[in-house]
Amino acid sequence: QTCQVKATHLSGVAYSEYTSEDNANSMVILAETVDGFYSVASTLADAYGYIIVGGIVLPVMAAFLFMLCLRFFARLIVYLLLLLLVVFMLAITVLCYIKSGMDIGGVTASSLLDKASQNITLTNPTLESLTSVEEGNQWIWTLAFVVMLLLTFLTLLAVITARKKIKICIAIVAESTKVFVSMPSLMISPTWAVLAQALVSVWAIAGVALLLTTKPETYVGALDAIPEAGSGHYVIADGLERMRQLQKDEVTTGLAAFHLFGYLWLTQFVGAVAWTAMSGAVCHWYFFRNDPREATRVPILRSLYRVLRYHIGSMAFGSLIIAFIQFCQCVLAYVERHTSRGNSFALKLAFKCCQLCLYCLEKTIKFITYYGFVFVALRGDNFCSACYMTFKFIVSNPVQVSMNSLVTRLLTLSTIFTIPVGCAIGTYVYIDRQTSIVDAIYPAAAAFLLGAFVTQACMGVFECVVTTVFVCCFRDASLYNGKYMSAAMRKAFGIDATPDAGGEPQEGGDAPQEGYTQKV
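Residues 4 to 523 in the numbering used here are what the sequence shown lists, from first letter to last.
Bear in mind the hints are in silico, worked out from the structure with no lab data behind them.
Errors might be hidden in some of the hints.
[Said to hold, decoys possible] Here are the simulated DSBU-like cross-link-like pairs (lysine-lysine), alpha carbons at most 30 Å apart as the crow flies:
no.: 1; residue 1: Lys494; residue 2: Lys170
no.: 2; residue 1: Lys494; residue 2: Lys395
no.: 3; residue 1: Lys102; residue 2: Lys369
no.: 4; residue 1: Lys181; residue 2: Lys351
no.: 5; residue 1: Lys181; residue 2: Lys168
no.: 6; residue 1: Lys486; residue 2: Lys167
no.: 7; residue 1: Lys181; residue 2: Lys494
Please model the complete structure; the sequences and the hints are all you need to start from.
What follows is the structure in structure tokens.
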């Protein structure tokens, strides 16, 4: 018996997707990442209303309530913050002493921790983390202990000896809160500045995108078109030829640097205009609040009009100086990034020292510049004259200027740490309990970030008001014997004379008027 087998041959090509294990894992990670971003974006879109309330409305209301509390409890709040500052500095000093391993008069880290453990329950891991120091790093903690001990002693000495200055500072803070009662729109006045800076940022991002996507041949075409567009092309021919010799990366880097400087300048310019406009409105309030002839319904807009009409050059020059220092910082960071790889520790240390010097220089110049903007709004001076008046003012009142700056920073830090956290917690609790939105942590985080930004803007307004009232009070006391001060301010300054009724300050005779000169 035979068996027959039938076979069929099929011709063709079979394709199969080739994926390695690494590629498969990468695709899974990418898919999970995209899904995570989509989930977060969907949650934020569903909760955008709660984010606006928790990140914008509540911080503004909380900042306004904080101003009202300062009006009635400024003394308590300021002294409490100063006490917390001293306690915090003492704690840091003790921590540095423990980490340094020093033994002064038989007092060591072990003895301090033993005494602390009698009142506070400390676990062994906590004790080990407090006392553990890497080998060779104890000298750093020793140096930090000496520096912190000196700073703590100076701070405590300043708080004790400058009681009168603190009293004046408290009166200035309380007086500044009255501005928000008379001009509540001042709290939301930075809105236009924030929007303007946002537009500048969008312009900067778009410019960077265009620079990064520009083709090399476009430079050649643009350089060839420049001489044909102007009648004086022979003047710039040499410069164009030098640009043609540059490589694409060099041209892009140069244009990006120019673009960065323009962005920094515009950002600082918007901030300068906003600061001076608010300062001018506060100056008008201080000197003419009791004069119905000088009353205005839109003091901030009138002040902004004066700035844009009369002081635009001072704003541009002051912001140019700050932007130049910031640009130098960026250039130094760029140079460090491209030269410090694999170089010696000394070179890296030199770069860090230069960065620290530029940082201190920026803060100093910004401090003097913004005080100068107050004098521009107060007296109508140009920028250089205003900076000269600022220098005279700081030299005449160094302790008061330092105390006002310290108290203002403490008040700002206290609100920046408390208001956004409180708004984020409130947003999380409400969304988690009252809505069906899943993952309430994402809207709460967005509310926290937005609330921190809004709180910073509100406290920037507060700092401007305090600085302006501070300058106005001291000029009022020196020129007019406190004629325009409230009773509480005259008491703080030790002025017993009864002020005259409102009106415009006059010195009599043909002498130039000194006080507030920016009449609407």
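Outcome of the hint check:
no. : hint              : result
1   : Lys494 <-> Lys170 : holds, 10 Å
2   : Lys494 <-> Lys395 : holds, 25 Å
3   : Lys102 <-> Lys369 : violated, 36 Å
4   : Lys181 <-> Lys351 : violated, 50 Å
5   : Lys181 <-> Lys168 : holds, 20 Å
6   : Lys486 <-> Lys167 : holds, 21 Å
7   : Lys181 <-> Lys494 : holds, 17 Å
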